[in-house]
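Input sequences plus hints: build the corresponding full structure.
Mapping the sequence shown onto the numbering used here, position 256 (from 1) lands on 256, and the numbers just tick up by one.
Hints listed in this document are in silico derivations from the structure and should not be mistaken for laboratory results.
Since the model is a prediction, treat every value here as computed from it, not as a measurement.
Check the hints yourself; a few may be wrong.
[To be verified] List time: in silico DSS-like cross-link candidates among lysine-lysine, alpha-carbon distance up to 25 Å:
(1) Lys291 with Lys60
(2) Lys214 with Lys137
(3) Lys285 with Lys266
(4) Lys285 with Lys214
(5) Lys60 with Lys137
(6) Lys347 with Lys291
(7) Lys137 with Lys347
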Amino acid sequence: MQRTDGADPAGLADVKGAATDPGESDSGIAGLPASLCVSQDSVSHGATPAAAMTFDYDFKMRIGAPRPVVFERLLRIEHLSRWFCGWCRIDPKVGGAFKFGGETCIILPEQRSWDTTIEEGEVLRRFAFTWPIRSSKTRVSYDLEDAPSDTAHLRVRHLGVPFEDTTSGSVQDAWRMCLGNLKSIAEGRTDSVRPDHSPVTGPELRLTVLIEAKPSAVFGAFADPAQLDHWSTGGLPRGITTVEPRPGGTYAFGWDAGAIHVTEWKTDQHIALRWSRRTSSFVIKFDFEEKASGTAIYFSLVGFAEGDAEDIRRQRGRWSELFVCLKNFLEGGSSGFLNSYEDQARKA
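See the structure below:
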């Protein structure tokens, strides 16, 4: 039976839980509800933007876990805090409140938290919520389908966003980062790099990521063109990667980045590249260090134009989501995206 009035068709009032927001005492939910109402199909809904120009985002992903498992990771507070936000409270019914915040949100809250409303849902298959951002009524929807070999296909849409960049980089890269972490935890692995909204304080970018694989395997994902083509495109190889592992050799990721050349190459330990762009020339370094639980990659990017904090933020978001793709590829066999980077964002 379908309901649109926000009533509690499955006795959700009896489900007890706790908010994950430090300092909040309101009840949240600790267990997945037995049912989630549905109002009408998500395709018939759209965001109601107030901004002059808005952006729509559309992500498709294959996750190596059954559909019910993925749905649970979308709703339970202990999982949401590992991929979507820092803390949350959720009343999982149509008309229910979904409140979230923290420093790892895709977009930092304008106040202490984002106060959103669940707009529709269907048990174990879909739900959507309205998310007011800068007076724009944006809308997020999740749709799940069964896929072969006990896996799931997830489609995520965020419509009517009034900007394309945030303090962590682009909205698109922040979503890709979060969805990559969702894939990882749904498949029983650890989360990784999260959106970073901290102020830019220096002229260079540094990131660290831990991969649960041996240094030779991690380094191989940079040295083998086929592997590089997979993770640097999010799982949709384009056939344009190049690896010439010697000083002066050509190096190309799975996107059109301009001229990149190898300056240093030490197998399983270190790679340095020079990336010539129209506005600046970057030096990119990857250092690989074996750890008890895998391999740490220490990444640095230097050569930004003086005072160009926006470029640093964008590169921070882009490389962060690439490292999440790399982690999923090496630990799970696939970065997971089913639609290309270029097809995931458009002006509304």
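Against the structure, the hints:
1. Lys291 with Lys60: 33 Å, violated
2. Lys214 with Lys137: 46 Å, violated
3. Lys285 with Lys266: 12 Å, holds
4. Lys285 with Lys214: Cα-Cα ~19 Å, so holds.
5. Lys60 with Lys137: Holds, at about 23 Å.
6. Lys347 with Lys291: 43 Å, violated
7. Lys137 with Lys347: With Cα atoms ~16 Å apart, Lys137 and Lys347 stay inside 25 Å; holds.
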